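Undergrad: With the hints as constraints, model all of the structure from the sequences given.
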Amino acid sequence: PAVSPILLGVILALAQKYKIVLGVAVDGHSCNGGFHPKGMAIDINGVTSMDGSQKTSDGRHINPSDYSSNNPILLSFYNDAGKLLDQSGGGGLGQYFSWGTPPPKVSSKVNYFDDAPNHLHMDVGRR
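Here the sequence shown stands for residues 12 to 138, where the numbers follow the working numbering.
Keep in mind that a hint or two might mislead.
[To be verified] Label pairs and their computed distance ranges (CB to CB):
no. : residue 1 : residue 2 : range
1   : 16        : 113       : 26 to 32 Å
2   : 113       : 12        : 19 to 25 Å
3   : 64        : 119       : 31 to 37 Å
4   : 69        : 98        : 19 to 25 Å
5   : 100       : 72        : 18 to 24 Å
6   : 71        : 119       : 31 to 37 Å
7   : 33        : 113       : 21 to 27 Å
[Stated by the list, open to error] Quick list of in silico lysine-lysine cross-link-like pairs, BS3-like style, CA-CA up to 25 Å:
no. : residue 1 : residue 2
8   : 30        : 94
9   : 116       : 30
10  : 120       : 49
11  : 120       : 94
12  : 49        : 94
13  : 28        : 120
14  : 116       : 28
15  : 28        : 94
16  : 116       : 94
These are computed hints drawn from the structure, not numbers from a lab. In this text the structure is predicted, and so the values were computed from the model without any measurement. Ideal Cβ positions, reconstructed from N, Cα and C, are used throughout, including at glycine.
TA: Next up, the structure:
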């Protein structure tokens with residue numbers, strides 16, 4: 012299946028502020044009943060500020076320490092993603108419980124959940 016236009020819109024909006032390394036989208040994931048195979052989810056593997064001054068780990072990866080240290084660029088990205096998902100009708104953000112101190116939830120339309128801490132899951136699925 013094609014990637015959801017809503018998800019693409021969220022990614023493009025985030026790309027105005029961040030350099031993003033995209034991971035698994037439709038193929039290569041074990042959640043066959045989830046939102047990835049439906050084209051409604053993407054894994055974010057790394058985030059860097061446009062000027063390169065802030066990044067997750069090496070900018071190409073997210074490590075568990077990026078959450079536990081509340082890495083400023085990852086925290087900013089996470090909050091911006093939550094707001095954009097809210098404006099797009101809702102969705103999901105993973106790795107919520109990986110944070111040392113979880114960030115504030117910015118939307119009741121976004122399902123915040125835990126997932127493997129080596130990426131950031133984002134979806135526009137309806138639950």
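Undergrad: None of the hints should be skipped; say for each whether it holds.
TA: Okay, the hints, checked on the actual structure:
no.	hint	result
1	16 x 113: 26 to 32 Å	30 Å, holds
2	113 x 12: 19 to 25 Å	32 Å, violated
3	64 x 119: 31 to 37 Å	33 Å, holds
4	69 x 98: 19 to 25 Å	31 Å, violated
5	100 x 72: 18 to 24 Å	30 Å, violated
6	71 x 119: 31 to 37 Å	33 Å, holds
7	33 x 113: 21 to 27 Å	24 Å, holds
8	30 x 94	18 Å, holds
9	116 x 30	23 Å, holds
10	120 x 49	20 Å, holds
11	120 x 94	10 Å, holds
12	49 x 94	22 Å, holds
13	28 x 120	23 Å, holds
14	116 x 28	20 Å, holds
15	28 x 94	14 Å, holds
16	116 x 94	9 Å, holds
Of the hints listed earlier, those the structure fails to meet are numbers 2, 4, 5, in rising order.
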